[in-house]
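Turn these sequences into a full structure, and let the hints guide you.
Chains as they are written, first to last, in the numbering used here: chain A, 8 to 578; chain B, 8 to 578.
Hint data in this document are derived by calculation from the structure and do not stem from the laboratory. Fair warning: there could be bad hints in the mix.
It does not matter which identical chain is used: a pair holds within one copy or between any two.
Computed cross-link-like contacts, DSSO-like style, restricted to lysine-lysine with a CA-CA straight-line distance of at most 30 Å [as the list claims (entries may be wrong)]:
1. 358 - 399
2. 407 - 214
3. 214 - 408
4. 551 - 263
5. 540 - 183
6. 377 - 322
Fair warning: this is a prediction, and the values are worked out from it, not measured in the lab.
Number of protein chains: 2
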Amino acid sequence: MAKRFIPDWTEKAPEPYSYRSIFKWGDPHTFKHPNPKLYDELKQIFNLDDSYFDKKKNEGREVVGYKKPVKLTGTQLKALAEIAGYDNISTKEYDRLKYSTGKTLEEALKLRKGVVERVSDCVIHPRSVEDIQKIVAYCNKYKIPIYVYGGGSSVNFGLRPSKGGVTLVLSTHMNKILALNETNQTVTVQAGILGPALEEALNNAKKLFGTKYNYTCGHFPQSFEYSSIGGWIVTLGSGQASSYYGDAYDLVISMKWVTPVGTFTTKDYAATATGPKVNDIMKGSEGTFGVLVEVTWKIYRYMPENRRRFGFIFKTFEDAVNASREISQGEFGMPAVFRISDEEETHIGLKLYGIDGTILDKIMQMRGYKPMQRCLFIGSAEGEKHFTRNIKKQVKKICKKYGGMYITGLPTRMWEPGRYKDPYIREDLNDYGILIDTLETSVKWDNIHNVHKAVRQFIKNRPQTVCMTHASHFYPQGTNLYFIYIMKTDDIDEYIKFQDGIIDTIAKSGGSLSHHHGVGRMIAPWLEEHIGKEQMAVLRAIKKHFDPHNIMNPGGQLALDLKDKNWRNIK
Amino acid sequence: MAKRFIPDWTEKAPEPYSYRSIFKWGDPHTFKHPNPKLYDELKQIFNLDDSYFDKKKNEGREVVGYKKPVKLTGTQLKALAEIAGYDNISTKEYDRLKYSTGKTLEEALKLRKGVVERVSDCVIHPRSVEDIQKIVAYCNKYKIPIYVYGGGSSVNFGLRPSKGGVTLVLSTHMNKILALNETNQTVTVQAGILGPALEEALNNAKKLFGTKYNYTCGHFPQSFEYSSIGGWIVTLGSGQASSYYGDAYDLVISMKWVTPVGTFTTKDYAATATGPKVNDIMKGSEGTFGVLVEVTWKIYRYMPENRRRFGFIFKTFEDAVNASREISQGEFGMPAVFRISDEEETHIGLKLYGIDGTILDKIMQMRGYKPMQRCLFIGSAEGEKHFTRNIKKQVKKICKKYGGMYITGLPTRMWEPGRYKDPYIREDLNDYGILIDTLETSVKWDNIHNVHKAVRQFIKNRPQTVCMTHASHFYPQGTNLYFIYIMKTDDIDEYIKFQDGIIDTIAKSGGSLSHHHGVGRMIAPWLEEHIGKEQMAVLRAIKKHFDPHNIMNPGGQLALDLKDKNWRNIK
Chain A
8 MAKRFIPDWT EKAPEPYSYR SIFKWGDPHT FKHPNPKLYD ELKQIFNLDD
58 SYFDKKKNEG REVVGYKKPV KLTGTQLKAL AEIAGYDNIS TKEYDRLKYS
108 TGKTLEEALK LRKGVVERVS DCVIHPRSVE DIQKIVAYCN KYKIPIYVYG
158 GGSSVNFGLR PSKGGVTLVL STHMNKILAL NETNQTVTVQ AGILGPALEE
208 ALNNAKKLFG TKYNYTCGHF PQSFEYSSIG GWIVTLGSGQ ASSYYGDAYD
258 LVISMKWVTP VGTFTTKDYA ATATGPKVND IMKGSEGTFG VLVEVTWKIY
308 RYMPENRRRF GFIFKTFEDA VNASREISQG EFGMPAVFRI SDEEETHIGL
358 KLYGIDGTIL DKIMQMRGYK PMQRCLFIGS AEGEKHFTRN IKKQVKKICK
408 KYGGMYITGL PTRMWEPGRY KDPYIREDLN DYGILIDTLE TSVKWDNIHN
458 VHKAVRQFIK NRPQTVCMTH ASHFYPQGTN LYFIYIMKTD DIDEYIKFQD
508 GIIDTIAKSG GSLSHHHGVG RMIAPWLEEH IGKEQMAVLR AIKKHFDPHN
558 IMNPGGQLAL DLKDKNWRNI K
Chain B
8 MAKRFIPDWT EKAPEPYSYR SIFKWGDPHT FKHPNPKLYD ELKQIFNLDD
58 SYFDKKKNEG REVVGYKKPV KLTGTQLKAL AEIAGYDNIS TKEYDRLKYS
108 TGKTLEEALK LRKGVVERVS DCVIHPRSVE DIQKIVAYCN KYKIPIYVYG
158 GGSSVNFGLR PSKGGVTLVL STHMNKILAL NETNQTVTVQ AGILGPALEE
208 ALNNAKKLFG TKYNYTCGHF PQSFEYSSIG GWIVTLGSGQ ASSYYGDAYD
258 LVISMKWVTP VGTFTTKDYA ATATGPKVND IMKGSEGTFG VLVEVTWKIY
308 RYMPENRRRF GFIFKTFEDA VNASREISQG EFGMPAVFRI SDEEETHIGL
358 KLYGIDGTIL DKIMQMRGYK PMQRCLFIGS AEGEKHFTRN IKKQVKKICK
408 KYGGMYITGL PTRMWEPGRY KDPYIREDLN DYGILIDTLE TSVKWDNIHN
458 VHKAVRQFIK NRPQTVCMTH ASHFYPQGTN LYFIYIMKTD DIDEYIKFQD
508 GIIDTIAKSG GSLSHHHGVG RMIAPWLEEH IGKEQMAVLR AIKKHFDPHN
558 IMNPGGQLAL DLKDKNWRNI K
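In structure tokens:
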């Protein structure tokens, strides 16, 4: 038997100061390669043989080099350096590009070719609220744009410095835990703290803070390791356990904001009836109203010993949706991880999780759960132990009613270790010209199939294109749909046009423009039609109040100053 | 044994067109009298004998009569009548006063003496969204103020027509159920529907709408029978089962608003990440941004068969608070009704519920639960049956840990039938010059005792004054405190000053200005200092956007146009 060919997936950290070091996901030394089953699937879909994978292209290993003059004056740079300290300001080409770049596929593809579009003029790493207050006041006076970089994981150009100016990096110094209040079950942190630092401290609260219990932050987006709490809030993120813990929106108790018209802290009551909640008005503002500097966040007891996992296979997506809806409306508490995959994602997922071809797969097939029809449901319950036991019991009962076969907690266990690793796969695929990207939407139960079918149809109308879909954030009133598409093209414009077509299809079929990725610049052209001009006018009025000179994340973000939908051309 | 004296508590419906018909709570033919135990307690506290209760005073049985000219022109009245129909507009003195009056004690006391302060110039009962759009456009053009009357239960002058103009009554015609969507578990209604009509329809959904399940609206404020869904939302109300179902804020999926700058409907997704949520910005706007005309509201399965009740007695308020906090943070789901009373409320509550003096009382005393120290906890769980069983089990376990004695579900059962009836008692007490009123606040767990003690101290510093306190809306991060005070005075100004002192004490001790009564005009003078000028400026910017001519509920509401804190003098 011939030795199996395996492509030379990159195991080499990006070169220092290279483009690749900017667009590569996550840790420079961490990789996740397509497993052999997925590799075979890709070859088949794109009609390729092993020889295609002999040679990588556009690896972006060159050192960053571009010619974009710094437009701030020496006086301005000096003034900013005096505020934040000379060690904390940079106008180096590499730094300017690094902190002007998010994690969209488009940015990665362009940087692979050395194409640099917008960069800020200087990067500042503020040390304190006072630094930020002074910087905002200074920039407001001289009308210098400000962008905020937290973890840098934006997938919609949310931090693109469309008009140049200053990028503030919050994760460098503004990443401390300020207080853990066990009585109120809250943690107060600086907005630049990333997921792991927060979660590790909370998980070890007894030791670190002398608390009675250990805690969890309850928010685990796929970007968890490389996103900040501030980013979670201003983009309205949602974690993989949101069905139980709530979305970022729900988890915020209070915040401190620095805006061009002043600094304020919202009250940290669990609930009040003192007029429209400014605390909530600020959420989702995506850098356009001001800089979020501190957050008081709900925490939950960390009780992994009570976690109960479960997995089911359904004969159809419709069955899986019906069961999910009944669970979501069942009033026995919600699962934490709660995820159903459609036919195509199940097909590939069973390969990824190593279930394809096993005895379990054979049993499923024998019992009528057929490939490209069957749908996977994985989940877990968290909370008090009798509470989680009852959730598992009720979930089982409901899934059985809809023809679901119990396949143990194994698939959830297989999924868990990779939950933050999947974004690493993009690097490998892109090395061979295969594109993978995602778009997502919020749907009402009575429209889920309509949106799912319309978007799938649009994507599948393109020959040789994978479309995997799952729903992973559940509410009694609806859920989300998360589309992952894989295509092979060297034409970035074709890819962009295709992506636009998907967004268009989501909007036209009645999905929300975003469930948890935010709007940024990428989705902005659809926003006004989606929410209506009356509501856009409200957002613009608030924007005008906070930021009369439009210095906060200007240039298309949230469509606030988007004139002709062509945000890529804004200068 | 001499026959016990019982005061001649009123059993007579108010005379037609009398002041009393306006200030009397609820149904004209329904009454709730102080029971003999409470009567005895009041005599003792105020050092009165039966003879004091021989004669009522200031009953307000006179026909309404006052001299306040209608300031709208004939042309304006004609134009408004042409819009809404001549049958739906009134400039009668009685109607103008009736729909200009809320349910504050101050209003009741003044009307008892025939003192009429602010009235609108005309009352309109719009029939449709179109009527309202035309009225708002017309009033905006001619700068005529608009106030909205739903159920009329405001306890903070929220509907006081400070500057005259038009009062729109939404509960007359705009009270229909427009759609029940069982798939999405939502109901869409006109904003003027009152609690009972909504709840009865939902409880009978199978029969009325052919649904699979019956439903509940989940929101049961004490004003339930005489408040509208629109009112619940714009004042940020909270129901007696909010710990499980959520506050009004949480229950709204989407809304339709008519404002001076246009009409819009927010999207009805369960969650989105498309920028700041205009849907949430409108909540709590208390009539100052526009008119809420339609609501899509979450509904829950109606499963009274799964309800489990429980009651406990604790040795101290501190024990009751500690147990409540542990329950709220226990992650096994929340009780629906969840209520702890402090020493003094427990003392009077046990009398009201008929437990005082019974064998149960004796057992409690024997076991060390002493009067004026012991504290009552009543509650119930709702939801799926294993879920409610587990909540009861966990609640029992935690209460036992804090020295609570289980006293069965009886006190909850005693409390339930009176839950909407207590406001009727005011009429009787006021007839004899005894005042009863309430103020409430939101507190964090780490500050509950501080606020409780400070407010109690302030109230109890006044001789012969009852102060009963309970917490009845629970969150992992805190709860509310609801103060009921009873005093005897004929001096309205003294009462107002005393009330101001309580609000002041709440604010200074760190409570929120309101947990669920809203701000209205009464609390407005404290708002700017409470939330800060930066946040007030945000609210004013939004106000200016929606209502450039300040026609929507002008004159002190939410402190938006409050200059010198003296809202009573605004004309």
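Comparing the hints with the structure gives:
no. : hint      : in the structure
1   : 358 - 399 : within (26 Å within a copy, 44 Å between copies)
2   : 407 - 214 : between (43 Å within a copy, 29 Å between copies)
3   : 214 - 408 : between (46 Å within a copy, 25 Å between copies)
4   : 551 - 263 : both (19 Å within a copy, 24 Å between copies)
5   : 540 - 183 : between (40 Å within a copy, 28 Å between copies)
6   : 377 - 322 : within (7 Å within a copy, 63 Å between copies)
Violated hints for the displayed structure: none, as all numbered hints are satisfied.
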